[in-house]
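Protein chains: 2
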Amino acid sequence: MTTKPKVVPARRSERARSAILAATAELVFEVPYGRLSIEAIAARAGVGKQTIYRWWPTKGALLFDALLELSGGPDGVALPDTGDLRADLGQFLRATVAEMAEPRFDAFLRALMIEIQSDADLAEVYRDRLLAPQREAIRERLRVAALSGGIRADADLEVAVDLLVGPVQTRWALGLGGLNEGYADSLLDLVLAAVRPH
Amino acid sequence: MTTKPKVVPARRSERARSAILAATAELVFEVPYGRLSIEAIAARAGVGKQTIYRWWPTKGALLFDALLELSGGPDGVALPDTGDLRADLGQFLRATVAEMAEPRFDAFLRALMIEIQSDADLAEVYRDRLLAPQREAIRERLRVAALSGGIRADADLEVAVDLLVGPVQTRWALGLGGLNEGYADSLLDLVLAAVRPH
Chain A
6 MTTKPKVVPA RRSERARSAI LAATAELVFE VPYGRLSIEA IAARAGVGKQ TIYRWWPTKG
66 ALLFDALLEL SGGPDGVALP DTGDLRADLG QFLRATVAEM AEPRFDAFLR ALMIEIQSDA
126 DLAEVYRDRL LAPQREAIRE RLRVAALSGG IRADADLEVA VDLLVGPVQT RWALGLGGLN
186 EGYADSLLDL VLAAVRPH
Chain B
6 MTTKPKVVPA RRSERARSAI LAATAELVFE VPYGRLSIEA IAARAGVGKQ TIYRWWPTKG
66 ALLFDALLEL SGGPDGVALP DTGDLRADLG QFLRATVAEM AEPRFDAFLR ALMIEIQSDA
126 DLAEVYRDRL LAPQREAIRE RLRVAALSGG IRADADLEVA VDLLVGPVQT RWALGLGGLN
186 EGYADSLLDL VLAAVRPH
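Taken in order, these protein sequences are the chains called A and B.
Under our numbering, the first residue of the first sequence carries the number 6, and numbering increases by one thereafter.
Under our numbering, the first residue of the second sequence carries the number 6, and numbering increases by one thereafter.
I should point out that these hints are in silico values taken from the structure, not numbers from a laboratory.
Keep in mind that this is a model prediction, so the values were computed, not measured.
Mixed in with the good hints, there may be bad ones.
What the hints assert, rightly or not - To spell it out: a stretch of chain B is covered by chain A in this simulated footprint if at least three of its residues, at any positions, have a beta carbon under 8 Å from a beta carbon of chain A; those stretches are: (1) 36-43; (2) 112-124; (3) 161-174; (4) 179-189; (5) 195-202.
Each residue gets a CB set at the ideal place from its N, CA and C atoms; glycine is no exception.
Turn these sequences into a full structure, and let the hints guide you.
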């Protein structure tokens with residue numbers, strides 16, 4: 006007979022959930038994603054496979070929640086607004102480049118790239134919960150700049166967001182290399198030239 | 006006893022190779038890539054699994070050769086040079102957008118995106134044999150424009166190539182939508198503003 010204190014079920018659930026997300030984060034980094042199994046995650050987390058399937062229907066859904074946990078969720082995506090557009094966008098681009106060079110983040114994003122190519126539902130969740138807030142934060146910073154005349158009033162801000170994020174995303178996804186602070190600064194030079202008043 | 010004519014072995018090999026590449030092209034479009042097996046390709050092509058493995062070490066390597074076959078190989082990637090930079094780049098961007106909207110091409114490229122996220126060797130072959138010639142063709146067209154003063158002499162052409170291909174690639178890879186001729190033209194407006202002389 007043991008004398009373990011009673012564990013409130015909700016608290017036990019929360020503990021299991023945290024253990025599963027932590028195990029996922031570890032294993033995404035350790036195991037090629039194609040060979041990463043729910044069984045392995047369950048074993049590492051010390052839970053049964055069914056516990057995982059009760060909360061996450063697919064490996065991709067679990068991956069996404071683990072990424073949200075890792076990235077601190079969709080909050081805090083606002084861009085700085087010091088009044089200096091070049092400084093603010095430069096800080097954003099250098100941070101993006103640094104993040105993508107971080108091996109754990111890289112492993113996560115590559116796994117997510119694999120999943121969203123074949124899982125349209127997950128792709129939609131990713132767009133709605135992570136990409137859309139990020140893109141809106143950039144667009145909002147550009148909108149403020151347009152109001153004060155730092156950007157042409159007729160510049161297409163949706164395409165301007167693409168100019169800021171697309172080149173870095175593409176170099177990373179296709180493994181083209183060269184993603185460093187110098188690249189971030191060269192990219193910023195061209196993007197600012199594209200949107201500034203004639 | 007049959008009276009079949011003798012088939013020259015080299016010709017039989019070539020026929021098997023074509024059948025395998027054609028079967029791959031069909032099945033990539035019909036079956037989610039994660040569930041597409043070499044067995045299924047062998048069955049469709051009417052060859053043994055070992056025949057496929059003799060020529061292609063992995064599903065990814067086979068996928069890449071089937072894509073090369075589909076896209077007509079790395080030849081013909083030169084950009085038009087009519088002397089009108091806007092017209093030439095516009096034609097390239099509209100063709101790119103149209104290609105990515107083509108369901109068969111889309112299925113192939115998504116399968117390749119999946120493979121290159123986890124197979125560094127295949128990613129390198131893809132970069133060397135398809136991406137590098139494409140990027141060089143764009144860079145060359147920009148270089149010619151820079152010589153005649155249509156582009157600032159100090160513009161970073163490597164980053165300018167990224168501005169042209171990155172936004173489209175990213176919208177496609179992340180499923181952000183909106184890839185049509187109007188988008189191609191808006192993107193071109195901003196990219197030309199980025200690189201033209203002050």
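Structure-based check of each hint:
no. : hint    : result
1   : 36-43   : holds (count 3)
2   : 112-124 : holds (count 7)
3   : 161-174 : holds (count 11)
4   : 179-189 : holds (count 5)
5   : 195-202 : holds (count 5)
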